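There are 4 protein chains.
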Amino acid sequence: MYTPREIAAFEAGIKLGALYHQFVGTPVSVKTADSLERAIERSISLQPYVKSVSVRIDRSMLSGNVFGYSELSGKMIRAAVEIAYEGARVRAVLEYDPEKDYPMMHLE
Amino acid sequence: MYTPREIAAFEAGIKLGALYHQFVGTPVSVKTADSLERAIERSISLQPYVKSVSVRIDRSMLSGNVFGYSELSGKMIRAAVEIAYEGARVRAVLEYDPEKDYPMMHLE
Amino acid sequence: MYTPREIAAFEAGIKLGALYHQFVGTPVSVKTADSLERAIERSISLQPYVKSVSVRIDRSMLSGNVFGYSELSGKMIRAAVEIAYEGARVRAVLEYDPEKDYPMMHLE
Amino acid sequence: MYTPREIAAFEAGIKLGALYHQFVGTPVSVKTADSLERAIERSISLQPYVKSVSVRIDRSMLSGNVFGYSELSGKMIRAAVEIAYEGARVRAVLEYDPEKDYPMMHLE
Numbered sequence: 001m002y003t004p005r006e007i008a009a010f011e012a013g014i015k016l017g018a019l020y021h022q023f024v025g026t027p028v029s030v031k032t033a034d035s036l037e038r039a040i041e042r043s044i045s046l047q048p049y050v051k052s053v054s055v056r057i058d059r060s061m062l063s064g065n066v067f068g069y070s071e072l073s074g075k076m077i078r079a080a081v082e083i084a085y086e087g088a089r090v091r092a093v094l095e096y097d098p099e100k101d102y103p104m105m106h107l108e
Numbered sequence: 001m002y003t004p005r006e007i008a009a010f011e012a013g014i015k016l017g018a019l020y021h022q023f024v025g026t027p028v029s030v031k032t033a034d035s036l037e038r039a040i041e042r043s044i045s046l047q048p049y050v051k052s053v054s055v056r057i058d059r060s061m062l063s064g065n066v067f068g069y070s071e072l073s074g075k076m077i078r079a080a081v082e083i084a085y086e087g088a089r090v091r092a093v094l095e096y097d098p099e100k101d102y103p104m105m106h107l108e
Numbered sequence: 001m002y003t004p005r006e007i008a009a010f011e012a013g014i015k016l017g018a019l020y021h022q023f024v025g026t027p028v029s030v031k032t033a034d035s036l037e038r039a040i041e042r043s044i045s046l047q048p049y050v051k052s053v054s055v056r057i058d059r060s061m062l063s064g065n066v067f068g069y070s071e072l073s074g075k076m077i078r079a080a081v082e083i084a085y086e087g088a089r090v091r092a093v094l095e096y097d098p099e100k101d102y103p104m105m106h107l108e
Numbered sequence: 001m002y003t004p005r006e007i008a009a010f011e012a013g014i015k016l017g018a019l020y021h022q023f024v025g026t027p028v029s030v031k032t033a034d035s036l037e038r039a040i041e042r043s044i045s046l047q048p049y050v051k052s053v054s055v056r057i058d059r060s061m062l063s064g065n066v067f068g069y070s071e072l073s074g075k076m077i078r079a080a081v082e083i084a085y086e087g088a089r090v091r092a093v094l095e096y097d098p099e100k101d102y103p104m105m106h107l108e
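Sequences listed follow chains F, E, D and B, in order.
Counting in the UniProt record's numbering, the first sequence runs from 1 upward without gaps.
Counting in the UniProt record's numbering, the second sequence runs from 1 upward without gaps.
Counting in the UniProt record's numbering, the third sequence runs from 1 upward without gaps.
Counting in the UniProt record's numbering, the fourth sequence runs from 1 upward without gaps.
Please note that the accuracy of each hint is not assured.
Repeated chains share a single entry, so a pair holds when one copy, or any two copies, can fit it.
Keeping only pairs whose Cα atoms sit at most 27 Å apart, straight-line, the calculated BS3-like set for lysine-lysine is [said to hold, decoys possible]: (1) Lys-100 with Lys-31; (2) Lys-51 with Lys-100; (3) Lys-51 with Lys-75.
Treat the hints as calculated values from the structure; they're not laboratory data.
Note that this is a predicted model, so its numbers are computed, not measured.
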């Protein structure tokens, strides 16, 4: 048996894993980052038990390749998702950890 | 050696293959389809030699699952991409073929 | 603060969300399903705190399109992942729920 | 109207675009690269008009993150696809161009 809080944590993990692996690889630039952020937020918001999603792509990492654009990578993303499940609420975050050089996901 | 038109056709194929496999699986509903269409158009527009991209998600296929949303599938997408390469122009389309029950990609 | 079990549940969610959204849309047939199952298992096994991953694609859903193959969809996948985090162990499953007609993820 | 060779070039582009955007982001290590290469080859081989697909992941780029694995990126992939369409044959390649620092796709 699992507590509502454990299940909420599980659901939060699903959303961050989904967000990451659905959108990593998408072409993106400073001009299109806003549109992509909104589309990611809105799509993940549809999933079960989501109260809110916010996504921010780090513009300083969008310097562009030889054709003038970048590809979305995990390190560029700062995302937060709030889950509500049977009275339990959890908030989980994806953000780049420069010390580990890794896009960490954690419960807040 | 390849002609500019052959290369333009190749580039058009890349864009449709990319569009399809990047975004299929994305949660989508009638409320979020417009945002997703714009984000797909804008992201694929960044790729080399693209003159225009238009994407339309078939709302009639967005009836929703038990949680009230759908997942983007190839059959839902109508996309057109125009490529210009060294004077050659091609236009390629992804659209559902109901007879074949398959999301066909073809040069127009 | 979160308990090790809550964090393990979170990590389990990440893995199922990742697995689903990375691989949905992949072309697959009865002949290639085994290769794809192994590749999914091995890739997700690399992620943090994973003890085991098993993936099974439902062959009965691989009847094939006009070109003789299918695309991996969530409903075809039965996956189980075991997570160990600071003494806590959780097991999470993705499996099609025919009553809900939805690929459910849950903690076991 | 398009020639068989133009259509073959288009189909080759589809396959490289699909391969790239389906699998970029997949966790991978030196131990699992072989399994992933085979799964990619087999899945893309199912698509229409494909005669052969070969995929090679550059092991020298798999040095690993803080958790000991990498994520598949376009720069790591060397892929070749052969298409046959109504008597026309084309071969297309995805490979990292170190001068451009870009994963180039081209017809050969």
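ask   = Against the structure shown, which of the earlier numbered hints fail to hold, in ascending order?
value = No numbers; nothing is violated.
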